[in-house]
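Reading the sequence shown from the start, the letters are residues 1 to 202 in the UniProt record's numbering.
The hints are simulated quantities; they were obtained by calculation from the structure and are not laboratory data.
The hints are all genuine.
Once the Cα atoms are required to be at most 35 Å apart in a straight line, the calculated DSBU-like pairs of lysine-lysine come out as:
| id | residue 1 | residue 2 |
| --- | --- | --- |
| 1 | Lys125 | Lys92 |
| 2 | Lys167 | Lys145 |
| 3 | Lys160 | Lys179 |
| 4 | Lys131 | Lys27 |
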Amino acid sequence: MCRLYEETHCHLCPLVFTDGACMGNGKDNAKSGLGIAFGDAGEHQASIPVDDMLDEGRRTNQRAELLATRAGLNMICDHDAEELLEKKEEIKRKRLGDLDRTVIVIATDSKYVVEGMTEWLPAWKERGWQKTDGNQPANLDLFQKLQAEVEARERQLGCKIKFWHVKREYNQIADGLAKDAARRATSVVPVVYSLGMTIVSY
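With the hints as constraints, model all of the structure from the sequences given.
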């Protein structure tokens, strides 16, 4: 089950901020973009227009937020992979416990993403991937893909991945990157990066 991040010392953990934006939310001509930031340098940020190679679903703000979370997870894990694998081997060698595992924090101002991953998804699974009214949840495909990604990264790197809901004013860099990507969404030439993600450097 995905976990909520509730500690106060986030500067001690690998931390990535993510956001999604959608112009014309839900309309046929809508354009979406993703923003990711885990540092001030250009290589630590990404502005990703959404195209059909990245997501064949309707362009909506909620789908963009979920896609941004997955892209941010992949970016921070790939960037810190060597250090995380060394820590994994140290824990194994010294026979340390679960509390010694590195925590990776995904910060987003999307309450939808955080509550969906930490509260709703386990309940949907227990009901056979249905809501209480018997209908399938919206964007279930992306929630399931993100859950699978979290589990795969935790196994690969020996870390724990948690979700942190932050106020919008603390997520301005990722927000700006996402909005810029949405404005460029129709003319972008995709560049493949890690598990099908499309990255455009900002």
